[in-house]
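Enquirer: Read off the chains here:
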Amino acid sequence: MIVFHNVTYRHPRDEVPVLDGISVTIPAGQWVSVIGPNGCGKTTFLKLIGGLLAPSGGNITIAGTMLTRETVHDLRRKIGIVFQNPENQFIGQTVADDIVFGLENRALSRETMRARLAEYAEKLRIGDLLHRHPHTLSGGQMQRASLAAALAMEPEVLLLDEITSMLDDEGRRSILRLIRQLKTEHKYTIVAVTHEVDEMLASDRVIALSDGCIVADGPPKTVLADEALCGKLSLRLPMARRLALALHARGYDVEQVWDEKELMNKLW
Amino acid sequence: MRMTMPLGRYVDTDSPVHRLDPRAKLIAMLLYAAVVLMISSLRGLLLTALASAAVMALTRVPFKVYLRSLKPLRWLIVFIFLFPILFQQGWPDGIVQGTVTAGRMVLFIVFTAILTFTTRQSQLIQALEWLLKPFRRFGVSPEKWSLMMNLALRFIPTIVEEAKLILKAQASRGVDFAERSWREKASALITLLIPVTANTFRRAQELTDSMEARGFVPGMPRTHFHELVWNGRDTVFLLGCVLFMALMFMLRFWTGW
Amino acid sequence: MVIRLDRVTYRYEAGRGRSSPPVLTDLSQTIEGGHFVVICGPPGSGKSTLLQLLNGILIPSEGSVSVFDYHIQAGQKLRRPNELRRRVGLVFQFPERQFFAPTVREDMIFGPLNFGMTREEAERIVTDVCRKLGIRPSLLDVSPHSLSGGQLRKAAIGAVLAARPDILVLDEPTCSLDSAGRDELLQAFRRMCDEDGMTVILVTHRLEEVLPYADEYVVLNEGKIVFSGDAVQLAARAEELETLGFAVPAVIRLLISFSARHGADLPIEALGRRMFDAGVIAQYIDDVMRGRDRRDEDDDAARPLCRYGLAGAPA
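Read top to bottom, the protein sequences are chains D, R and H. Everything in the first sequence is counted per this note's numbering, starting at 1 for the first residue and increasing by one. Everything in the second sequence is counted per this note's numbering, starting at 1 for the first residue and increasing by one. Everything in the third sequence is counted per this note's numbering, starting at 1 for the first residue and increasing by one.
Bear in mind the hints are in silico, worked out from the structure with no lab data behind them. For each residue, glycine too, the CB sits at the ideal point set by N, CA and C. Some hints here could point you the wrong way.
In silico DMTMM-like pairs for lysine to aspartate or glutamate, Cα to Cα no more than 25 angstroms straight-line [said to hold, decoys possible]:
{"#": "1", "chain 1": "D", "residue 1": "Lys261", "chain 2": "D", "residue 2": "Asp211"}
{"#": "2", "chain 1": "D", "residue 1": "Lys266", "chain 2": "H", "residue 2": "Asp287"}
{"#": "3", "chain 1": "H", "residue 1": "Lys77", "chain 2": "H", "residue 2": "Asp26"}
{"#": "4", "chain 1": "D", "residue 1": "Lys261", "chain 2": "H", "residue 2": "Glu13"}
{"#": "5", "chain 1": "R", "residue 1": "Lys168", "chain 2": "H", "residue 2": "Glu13"}
{"#": "6", "chain 1": "D", "residue 1": "Lys266", "chain 2": "H", "residue 2": "Asp26"}
{"#": "7", "chain 1": "H", "residue 1": "Lys224", "chain 2": "H", "residue 2": "Glu208"}
{"#": "8", "chain 1": "D", "residue 1": "Lys123", "chain 2": "D", "residue 2": "Glu156"}
{"#": "9", "chain 1": "D", "residue 1": "Lys221", "chain 2": "H", "residue 2": "Asp183"}
{"#": "10", "chain 1": "D", "residue 1": "Lys47", "chain 2": "R", "residue 2": "Asp209"}
{"#": "11", "chain 1": "D", "residue 1": "Lys47", "chain 2": "R", "residue 2": "Glu206"}
{"#": "12", "chain 1": "D", "residue 1": "Lys261", "chain 2": "D", "residue 2": "Asp217"}
{"#": "13", "chain 1": "D", "residue 1": "Lys123", "chain 2": "D", "residue 2": "Glu87"}
{"#": "14", "chain 1": "D", "residue 1": "Lys232", "chain 2": "H", "residue 2": "Asp183"}
{"#": "15", "chain 1": "D", "residue 1": "Lys261", "chain 2": "H", "residue 2": "Glu242"}
{"#": "16", "chain 1": "D", "residue 1": "Lys183", "chain 2": "D", "residue 2": "Glu227"}
{"#": "17", "chain 1": "R", "residue 1": "Lys168", "chain 2": "H", "residue 2": "Glu222"}
{"#": "18", "chain 1": "D", "residue 1": "Lys123", "chain 2": "D", "residue 2": "Glu170"}
{"#": "19", "chain 1": "R", "residue 1": "Lys64", "chain 2": "H", "residue 2": "Glu13"}
Okay, the calculated bits of chain D under chain R, using three or more residues with CB under 8 angstroms as the criterion [to be verified]:
{"#": "20", "region": "77 to 83"}
{"#": "21", "region": "126 to 135"}
Each pair of labels, with its calculated beta carbon distance range [claimed, not checked]:
{"#": "22", "chain 1": "R", "residue 1": "Ala53", "chain 2": "D", "residue 2": "Ala115", "range": "39 to 45 angstroms"}
{"#": "23", "chain 1": "R", "residue 1": "Arg68", "chain 2": "D", "residue 2": "Ala115", "range": "37 to 43 angstroms"}
{"#": "24", "chain 1": "D", "residue 1": "Leu182", "chain 2": "H", "residue 2": "Gln29", "range": "38 to 44 angstroms"}
{"#": "25", "chain 1": "H", "residue 1": "Ser20", "chain 2": "R", "residue 2": "Glu184", "range": "33 to 39 angstroms"}
{"#": "26", "chain 1": "D", "residue 1": "Arg180", "chain 2": "H", "residue 2": "Gly197", "range": "45 to 51 angstroms"}
{"#": "27", "chain 1": "R", "residue 1": "Leu82", "chain 2": "H", "residue 2": "Glu120", "range": "57 to 63 angstroms"}
{"#": "28", "chain 1": "R", "residue 1": "Arg68", "chain 2": "D", "residue 2": "Glu122", "range": "35 to 41 angstroms"}
{"#": "29", "chain 1": "H", "residue 1": "Gln29", "chain 2": "R", "residue 2": "Leu82", "range": "53 to 59 angstroms"}
{"#": "30", "chain 1": "D", "residue 1": "Cys213", "chain 2": "R", "residue 2": "Glu184", "range": "48 to 54 angstroms"}
{"#": "31", "chain 1": "D", "residue 1": "Ala63", "chain 2": "H", "residue 2": "Gly229", "range": "55 to 61 angstroms"}
{"#": "32", "chain 1": "H", "residue 1": "Ser20", "chain 2": "D", "residue 2": "Arg180", "range": "37 to 43 angstroms"}
{"#": "33", "chain 1": "R", "residue 1": "Ala204", "chain 2": "D", "residue 2": "Asp74", "range": "22 to 28 angstroms"}
{"#": "34", "chain 1": "D", "residue 1": "His5", "chain 2": "H", "residue 2": "Ser20", "range": "26 to 32 angstroms"}
Construct the entire structure; sequences and hints are all you get.
Expert: As structure tokens, then:
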């Protein structure tokens with residue numbers, strides 16, 4: 001679905017590249033978490049896929065078509081992006097206006113817009129928020145609205161840039177539940193930049209970036225089992241996992257356990 | 001929890017006036033302004049006031065809400081009333097003049113309130129965009145103007161909120177915004193203006209990314225979710241306004257009222 | 001006791017003689033000096049309002065707030081607010097958004113200068129603050145805009161610390177930072193408590209990350225304090241707080257679940273703050289599973305302390 005061929009990106013006046021010779025293939029339907037310290041190029045990686053930035057070297061292919069200035073407008077139809085700051089991506093004066101903004105840009109008919117608005121408002125459970133001004137919404141509500149806006153355009157790829165980092169715990173959990181649910185209902189390809197270990201564990205694959213290069217790439221449990229990497233990125237494993245590892249060191253047969261309930265059952 | 005001035009706020013009472021096309025209301029506003037400017041007698045004032053009261057009643061917005069819209073300017077209105085009495089014709093001839101001039105101001109404010117109470121801001125902007133269309137030949141882009149106005153209305157509350165927060169933050173760091181000297185006041189203001197401006201630019205950058213990501217290309221044709229539908233009742237309303245205007249015109253210039 | 005809230009109620013002025021519902025209702029709380037206090041609660045529970053009452057940005061509608069010997073009474077105007085604000089440093093959420101000076105250094109000395117310090121003093125303190133927070137000195141003379149997210153956050157917090165407050169109050173200081181950044185900051189705050197006797201009060205949503213550092217927890221809900229105490233007491237009332245929408249930390253869930261199934265006592269009292277260390281919990285579980293818990297009954301007093309790494313003995 002998404003292929004990076006030796007992609008390099010540097011800021012116009014910088015010598016040091018933000019991304020250096022990245023090659024990676026993301027198949028359709030995969031949920032990828034992109035992790036790494038701030039400044040390692042995660043957001044740049046995402047923006048390159050979305051065509052908001054152009055690579056300094058190498059090229060990017062989406063669904064078989066190479067991403068160029070000519071093809072970007074059409075390829076954008078396949079991609080929905082939700083950014084980190086709930087406030088600054090919200091364009092409409094009401095939630096409904098914001099959701100239809102993208103649909104208006106695609107010159108869809110009013111009937112189609114109305115249908116999509118109803119469908120995705122229902123899916124993301126924001127039906128009662130449709131006429132609210134964003135100023136009256138919480139961060140979590142705004143992010144759900146922005147997700148609805150991205151999904152209403154019926155993309156194949158979802159790019160999520162730390163969408164929960166500015167939210168409180170409850171907001172974060174509800175968004176994660178939502179994405180899990182959406183993933184089971186529809187085969188979106190998801191590329192999500194995140195710091196949260198529980199989001200990583202919910203995804204199919206974790207790619208770790210550091211200083212512009214890929215330093216780890218694999219299933220979440222494999223990547224997170226790398227202690228050196230976790231130390232370098234200051235990733236703290238969930239308590240259940242840390243406890244399982246500590247108990248395993250004391251001779252208990254819980255090496256493969258990550259889940260709280262499973263751990264308790266094994267100790268019973 | 002922010003409080004806007006009553007003048008700018010939409011009041012949802014679902015009246016016949018609410019259901020009028022915003023373009024009709026906007027044009028009516030312009031005609032009304034012309035009428036108000038023409039008033040020069042108590043009789044003219046009374047007639048216009050009666051017509052306005054009729055429209056106000058139709059809006060189903062409580063009378064005291066309209067009164068509240070006058071509140072911020074109440075002293076100005078009092079001053080305008082007193083001005084002819086004190087400085088022009090004196091007492092008691094000045095009373096008529098004062099009443100008429102102050103009355104005109106009150107009517108104008110009240111009609112603006114009728115417009116803003118019964119029309120959603122986005123509808124008003126759509127109406128304005130439509131009205132600007134004939135000016136395209138002069139290089140005006142109605143779409144750009146309406147986009148700008150919509151974004152302004154979207155972000156003004158947010159930016160105001162942020163400014164309040166920054167004020168508090170700087171006060172917490174010892175900035176006294178009630179400084180007496182002008183120089184200190186100016187430097188205190190800088191600690192507010194620079195961050196708000198810088199943050200606004202950053203917002204604009206993120207906003208642009210979001211718009212681009214959602215397929216916005218300036219100049220490319222796009223559809224509109226909200227449509228303005230002109231009905232028979234809009235034509236009737238507008239005709240009524242035109243007739244009223246013609247009536248006032250006649251009264252003013254032919255009978256000297 | 002450095003802060004005392006006495007029956008504080010706060011409501012926004014609605015004007016026109018109407019009163020809006022109170023944001024905080026009849027709050028009473030004392031905070032001891034040198035403690036690391038965490039304030040948490042669902043959105044809209046009044047946490048940010050509470051913080052702003054501590055340095056006089058907001059004045060209570062009823063009741064009073066006392067900070068050291070400075071007294072704020074409802075309905076009274078604040079006298080010499082800077083006296084209070086020098087001693088209570090308040091850091092708002094996303095503090096980096098307040099930067100206005102051309103260099104980081106200029107912004108950091110701004111506060112101290114306002115509070116009457118000389119430039120030399122201010123610069124000296126700024127150097128010290130940078131060391132405490134782990135800000136590279138070379139970053140002081142660049143524009144704030146060229147700093148990375150984590151460094152920027154530290155610099156903004158440093159700007160408030162530069163005024164040498166006795167109490168540091170922060171609204172979600174770790175919000176949107178990466179894991180490394182969050183850890184660094186919390187550790188720095190803990191060090192300031194331990195080494196400099198600073199009182200740290202912070203609002204957070206992420207309870208898990210502050211568990212190893214905080215001394216005391218205050219839980220707000222709908223403008224009222226529903227819990228106030230240390231981690232041990234928090235763990236004891238965890239289930240009750242859960243019904244209020246409070247997220248019980250995983251470790252407490254695990255301990256409660258395990259202890260219930262195995263009929264062992266909750267070791268919370270014995271473990272104290274060490275209970276958030278996976279190794280310590282594993283040791284406890286191991287002990288219970290192997291029945292060691294029941295065997296050494298005569299060794300009651302010494303056992304919990306040595307075994308779980310307290311009182312100087314290694315874990």
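Enquirer: Hint by hint, say whether it matches the structure.
Expert: Right, here's what the structure says about each hint:
1. Lys261(D) with Asp211(D): 38 angstroms, violated
2. Lys266(D) with Asp287(H): 16 angstroms, holds
3. Lys77(H) with Asp26(H): With a Cα-Cα distance of about 20 angstroms, the restraint between Lys77(H) and Asp26(H) holds, given a limit of 25 angstroms.
4. Lys261(D) with Glu13(H): The hint is violated at about 49 angstroms.
5. Lys168(R) with Glu13(H): Within the cut-off at roughly 17 angstroms; holds.
6. Lys266(D) with Asp26(H): 47 angstroms, violated
7. Lys224(H) with Glu208(H): 22 angstroms, holds
8. Lys123(D) with Glu156(D): Measuring from Cα to Cα gives roughly 17 angstroms; hence the hint holds.
9. Lys221(D) with Asp183(H): Answer holds: Lys221(D) to Asp183(H) is near 22 angstroms, not above 25 angstroms.
10. Lys47(D) with Asp209(R): 9 angstroms, holds
11. Lys47(D) with Glu206(R): 12 angstroms, holds
12. Lys261(D) with Asp217(D): 28 angstroms, violated
13. Lys123(D) with Glu87(D): Judged against 25 angstroms, a Cα distance of about 22 angstroms means the pair holds.
14. Lys232(D) with Asp183(H): 13 angstroms, holds
15. Lys261(D) with Glu242(H): 18 angstroms, holds
16. Lys183(D) with Glu227(D): 29 angstroms, violated
17. Lys168(R) with Glu222(H): 24 angstroms, holds
18. Lys123(D) with Glu170(D): Roughly 19 angstroms separates the two Cα atoms, so the pair holds.
19. Lys64(R) with Glu13(H): Distance ~21 angstroms between Lys64(R) and Glu13(H) Cα, so the pair holds.
20. 77 to 83: holds (count 5)
21. 126 to 135: holds (count 3)
22. Ala53(R) with Ala115(D): 39 to 45 angstroms: Holds: the Cβ-Cβ distance is about 44 angstroms, inside 39 to 45 angstroms.
23. Arg68(R) with Ala115(D): 37 to 43 angstroms: Given range 37 to 43 angstroms: holds, Cβ gap about 41 angstroms.
24. Leu182(D) with Gln29(H): 38 to 44 angstroms: Given a distance of about 43 angstroms, which is inside 38 to 44 angstroms, the answer is holds.
25. Ser20(H) with Glu184(R): 33 to 39 angstroms: Check passed, 34 angstroms falls within 33 to 39 angstroms.
26. Arg180(D) with Gly197(H): 45 to 51 angstroms: Roughly 46 angstroms apart at Cβ, these two residues keep to the hinted range, so it holds.
27. Leu82(R) with Glu120(H): 57 to 63 angstroms: Once the Cβ atoms are compared, 60 angstroms apart, the range 57 to 63 angstroms for Glu120(H) and Leu82(R) holds.
28. Arg68(R) with Glu122(D): 35 to 41 angstroms: 39 angstroms, holds
29. Gln29(H) with Leu82(R): 53 to 59 angstroms: Once the Cβ atoms are compared, 55 angstroms apart, the range 53 to 59 angstroms for Leu82(R) and Gln29(H) holds.
30. Cys213(D) with Glu184(R): 48 to 54 angstroms: 51 angstroms, holds
31. Ala63(D) with Gly229(H): 55 to 61 angstroms: Roughly 57 angstroms apart at Cβ, these two residues keep to the hinted range, so it holds.
32. Ser20(H) with Arg180(D): 37 to 43 angstroms: 39 angstroms, holds
33. Ala204(R) with Asp74(D): 22 to 28 angstroms: 26 angstroms, holds
34. His5(D) with Ser20(H): 26 to 32 angstroms: 59 angstroms, violated
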